[in-house]
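The chain contents come next:
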Amino acid sequence: MTPAAITAAPDHCRPSLILWAGIVLVGLHVLVGLLSLVWLPYDPTAMAGGRLEGPSLLHWIGTDRLGRDLLTHLMIGSRIALIVGLGAVAIGAALGVTLGLLAAFASKWLDDALAATLDILIAFPTLLIAMLVVAASDTANLWSAIIALGIALSAIVARLTRILAKRVLVMDYITAARTSGSSWPKIVAIHILPNIWPTLSVNFALQFGLAVIAEASLSYLGLGAPPPNASWGRILQEAQGTVYTAPLGAIAPGLALVSLAIGVNLLADGLRDTIDPTRRAR
Amino acid sequence: MTPVLALDNLSIAAGSKLLVSNLSFSLARGERLGLIGESGSGKSLTALAATGLLPAGLSPAGSAKLGGTEVIGTPNRALDRLRGTAVAIVFQEPLTALDPLMRIGKQVAEPLARRAKRDDAPLSGAALKQAVLALLAEVALPEPERIAQAYPHELSGGQRQRVAIAMALACKPDLLIADEPTTALDVTTQAEIWVCLTGWSASATWHCFLSATTCPLSPTPSARSWCSDRARP
Chain A
1 MTPAAITAAP DHCRPSLILW AGIVLVGLHV LVGLLSLVWL PYDPTAMAGG
51 RLEGPSLLHW IGTDRLGRDL LTHLMIGSRI ALIVGLGAVA IGAALGVTLG
101 LLAAFASKWL DDALAATLDI LIAFPTLLIA MLVVAASDTA NLWSAIIALG
151 IALSAIVARL TRILAKRVLV MDYITAARTS GSSWPKIVAI HILPNIWPTL
201 SVNFALQFGL AVIAEASLSY LGLGAPPPNA SWGRILQEAQ GTVYTAPLGA
251 IAPGLALVSL AIGVNLLADG LRDTIDPTRR AR
Chain B
1 MTPVLALDNL SIAAGSKLLV SNLSFSLARG ERLGLIGESG SGKSLTALAA
51 TGLLPAGLSP AGSAKLGGTE VIGTPNRALD RLRGTAVAIV FQEPLTALDP
101 LMRIGKQVAE PLARRAKRDD APLSGAALKQ AVLALLAEVA LPEPERIAQA
151 YPHELSGGQR QRVAIAMALA CKPDLLIADE PTTALDVTTQ AEIWVCLTGW
201 SASATWHCFL SATTCPLSPT PSARSWCSDR ARP
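Residue numbers (our numbering), protein chains in the order written: chain A, 1 to 282; chain B, 1 to 233.
No lab work stands behind these hints: they were computed from the structure.
Be aware that a few hints might be false.
Here are the simulated lysine to any residue pairs, SDA-like style, with alpha carbons at most 25 angstroms apart [unchecked claim]: (1) B:Lys106 x B:Glu154; (2) A:Lys108 x A:Ala123; (3) A:Lys108 x B:Ala13; (4) B:Lys129 x A:Ile190; (5) A:Lys186 x B:Leu95; (6) A:Lys186 x B:Leu53.
Using the sequences plus the hints, can you model the full thing?
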């Protein structure tokens, strides 16, 4: 093999490999989540087999301490995790990007006031804010968890949007667009958002992972989706007592959680390389 | 006849520090003016003040009139209509003057379509694309079709500056301000850009107000030149 071939290969393969790994991991969860809407191996609330059975042809990853099928619960967990991740990131993005742009364009005192408020929000751990909001709402349900996580995530998005937008705002092409008579809304739409998007999208993926893990933590603490909905966090919590006799009950939801979080991050990394023409053309 | 640009006792201050003091000149239709001075003498600030685009923190005083309309103290919303009709600017650094994530064709189409809309002759689709290619050819860019598909980082510095000039010309402004349009380029390219700009200002009814750190090379594009001193401390 020639030296040229050795150095050329990684540059060409790296982005697409990362992207494909992300697509496969996330796609798997999406497929399973969609499948769980129309078909499940067993009724999630029924005792489908003996207690704490190991993997078998009937129960691929065994049963829990009440004899319910674990695969069924993990499949529902995929769906819940995706809904929570997408919902929380959507709320966080909408709220955060709006606030961030507002701060970037605002007068000095409004910018300072917004920045101080966001700093206070960021200083609180995401999980703590989410727990507060869930505890404050009447019933613990999936939506209160999603809204709570969305609000907690929006502070970081707002801070990031603000600084990214400020950096783009001083560029000559913004001034050039101004001198040629572009209005601010138009400049935001065609210049600012596209230029901050590559960085924001990677951050959204990180936050998707964070949201999924935070929801699992909330469920683990009993503040997430109520019992008939099987969240990975609750499966973990229920498997905790029997982790030595039936370790798969804890390992399986943990693996599901990690694979989704890694998959989303790989997907974002790969997508950023595709979106950003300065990275793509090499 | 109202001058295209008239500055009357224009001063620009940052806090208590005076950056430009009592600058007065006027530029009639068809006239070209060169503003020459060392770095930091306030050439770019004068250009920005004339369009009402001074950065926050700098306060202008005096009067700057674009085609008879006072710019100093006029709200941005009112100036938006003036910009891109009465005036357009070519900036110093061709790399930052273009949006890195937008194809050249789309960037040039943006001011072109806006100007056409203001003239009540909207351009779109194939007609707009043709107009973009014609404009790129007019600033002597090779292979306009390929350039229109390219991103700024795929072009050379001189090509980028030609695109920036094309974008300014797309506005069909009464006044074209070129703020040190060749400073960031090598000598050969500088000469080419000057030829490009002077060609335009001679052939059409363009009115240039050029600013440069050093006296431009080759055929002096300005009929008149002004030297600015470093502002008093």
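Which numbered hints does this structure break?
Structure breaks no hint.
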